[in-house]
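Same order as they appear, the protein sequences are chains V and E. So in our numbering, the last spot in the first sequence is 279, and the numbers never skip. So in our numbering, the last spot in the second sequence is 279, and the numbers never skip.
Check each hint, because a few of them may be wrong.
Looking from chain E toward chain V, a few residues come up when the C-beta cut is under 7 Å (computed) [to be verified]:
1) THR61
2) VAL138
3) PRO182
These are computed hints drawn from the structure, not numbers from a lab. Glycine included, every Cβ here is placed at the ideal spot set by N, Cα and C.
There are 2 protein chains.
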Amino acid sequence: CSLMDTHKQGRSKFMEFPFVSGPHKNIMLDLISTLEDRFQSHLLPCSLPPDVQHYITNSGTSQVSLHIRPGNTDSPMDFVMGSWVHAELPTGGSLDITSLSAYLNSSNDAPNFVFELIRSSPTMLILVLDLPPRKDLVLWPDYLKTFYEDTKLDTHRQALEKVNEVQPYITSSLFIRTVASPTAIFVRIQTENDGGERMDEIIRNDIEPISKQVLGIWLDHCACAKRELGEEDRAYVRKRDGVIRNKTIEVDLGTSFPRLFGPEAANRILEAIKEYFTV
Amino acid sequence: CSLMDTHKQGRSKFMEFPFVSGPHKNIMLDLISTLEDRFQSHLLPCSLPPDVQHYITNSGTSQVSLHIRPGNTDSPMDFVMGSWVHAELPTGGSLDITSLSAYLNSSNDAPNFVFELIRSSPTMLILVLDLPPRKDLVLWPDYLKTFYEDTKLDTHRQALEKVNEVQPYITSSLFIRTVASPTAIFVRIQTENDGGERMDEIIRNDIEPISKQVLGIWLDHCACAKRELGEEDRAYVRKRDGVIRNKTIEVDLGTSFPRLFGPEAANRILEAIKEYFTV
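All chains, please: the whole structure from these sequences, using the hints.
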C-alpha cells in the first residue's frame with residue numbers, strides 16, 4: 001500500500017543519518033532498534049506526508065528528516081519520534097541535531113524518554129538525556145521515589161559528570177529547565193582541537209553506554225510499568241502533558257525550525273507534528 | 001515581659017554570628033535588616049524556648065542559634081527564620097552554616113525566600129540562594145513568567161557563574177533539586193589555599209550584591225505582591241507548602257541536626273521548628 005511505501009521511504013532516509021560520524025550514527029541506530037524491538041507489535045507505520053518525512057531547502061543548505069510512529073490503541077505508547085537536522089552554517093561549519101523521544105499516553109503516568117545530541121562543530125556537543133516527569137514531583141513524592149530514586153537514575157548522570165571534558169549545560173529557557181527531571185543530563189562537551197576523534201571516543205565510551213542504560217530503565221520501569229490510573233489521574237496527566245507539548249512546540253521547535261527552513265516549510269512541518277502533540 | 005526578654009536575649013546571641021568572618025557576618029546582618037525593615041510592623045517577637053534559641057553541646061564543640069519571628073495575623077508573612085550553626089570538626093577545622101529564609105502564608109502564593117551559606121573551610125563555601133516556587137511551574141506558566149522571567153532573576157545566577165572560582169553545586173537530595181526554582185543558585189566556591197582572604201572578597205564583591213538584589217526582587221515582587229487567591233488556590237498552596245515543609249524537616253534538618261547535637265537536643269529543636277512548619 002502507498003502508506004507503507006511512504007513509511008519505508010521516509011524511514012530509510014531517516015535511518016541513514018548521513019551527516020554524522022560513525023559513533024554518532026551507531027548510538028542513534030542502537031537506541032532506535034532497542035526501543036522498537038521492545039515495542040514492535042505496538043507501533044504503527046509513520047504516516048507523515050513525504051515532504052515532512054524529509055525536507056531539504058531550495059538552497060540545499062538545510063535538511064530535516066522526521067519519523068513519527070504512533071502507538072496502536074492498546075499500547076501505553078502515544079508515539080515515538082525520531083529526527084535529524086543538518087544545517088550548513090554561514091561560518092563554514094555545520095550544525096547536526098539528532099533526537100529520539102518517546103511519549104506515553106494517559107493510560108500510564110510514568111515519565112517519557114528524551115534523547116538529543118546537538119553537534120555544532122567536531123569538538124562541541126550538547127547532550128540532553130532525560131526521563132521528564134509527568135506529575136509534579138513535589139506533590140507526589142512516591143512518584144519521585146519510584147521512578148528516580150529507586151531506579152538509581154542519578155548514578156548515570158554522576159558517571160558522565162566524571163569525564164573531564166563534560167560541563168553542565170544550562171539552557172536559557174526557564175520552561176525547559178522546569179520540565180526537566182531532577183536527574184536530567186544536560187551537558188556541554190568541549191574537546192581539544194582535533195578533527196573530532198576525542199568527541200567520537202566520548203560518544204562511544206561514555207555517552208553510548210549511559211544512554212543505553214537510561215533507555216533500559218525507561219523501558220523496564222516506565223513504559224512497561226503497570227500503573228492503575230483513575231479518571232481524575234488521567235485528566236491531570238492529560239492536562240499537564242498538553243501544556244508541556246504546546247510549550248515544547250512554541251519555545252523549542254517553533255523558534256528553531258523557521259530559522260533553519262524558512263517560515264513556510266517550518267509551518268508545514270510544525271502543523272504535522274502538532275497532530276501528534278495534541279493530547 | 002519575659003517573652004520580650006527571651007526574644008531580646010536570643011536575638012542578641014543570634015545577631016552576633018560569632019564564628020564567621022567579617023564579610024560573612026555583614027552579609028547576614030544586611031539581609032536581616034533589609035527584610036525586617038520592610039516588614040517591621042508585621043513581625044512578632046521570637047517565642048522559642050531559650051534552650052532552642054541557643055543551644056551548645058556539653059562538649060562545647062557544636063552550637064546553634066535559632067531565631068523565628070512569626071508574621072501577625074494580617075501579614076502575608078508566615079514566619080522569618082534565621083539561624084547559625086557552628087561545629088568543630090574532628091579534622092581540626094570547623095563547619096559554619098548561616099541561613100535566612102522567609103515563608104509566606106496561603107493568602108499569597110508567591111515564592112518564598114531562601115538564603116544559606118555553608119562554609120566547611122576558609123577556602124570552601126556552598127551558597128544556596130533561591131525563591132522556591134509554591135506552584136507547579138509546568139501547570140502555571142503565568143507564574144513562571146511573573147516571578148522568574150519578568151523579574152530577570154536568572155541574570156543574577158549568570159553574573160555569579162562568571163566568577164572563576166564558582167562551580168555549580170548539585171545536591172545529592174533529589175527532593176531538594178525538585179523544590180528549587182529554575183533560577184536557583186546552588187554553587188560551590190573553592191578558592192586557592194590562602195587564609196580565606198579571596199573567599200571573603202568573593203562574599204563581599206559578588207555574593208553580597210547578588211543576594212541583596214535577589215532579596216530586593218523577593219520583597220518587591222513576591223512578599224508585597226497583590227495576589228487574589230480563591231479558596232481552591234489557597235487549599236492547593238497549603239497542601240504543597242505542607243509537603244515541602246515536612247520533607248525539608250525530614251531530609252535536611254532531620255538528618256544533620258542529630259549528627260551535630262545528638263538525638264535528644266536535635267529532637268527538641270526540631271519539634272520546636274515543626275510548630276512553625278505546620279501549615
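Hint check:
1. THR61: Given a least distance of 32 Å, the restraint on THR61(E) is violated.
2. VAL138: Constraint on VAL138(E) satisfied, holds at 6 Å.
3. PRO182: holds, 4 Å
This entry does not satisfy hint 1, going by the numbered hints stated previously; all others are met.
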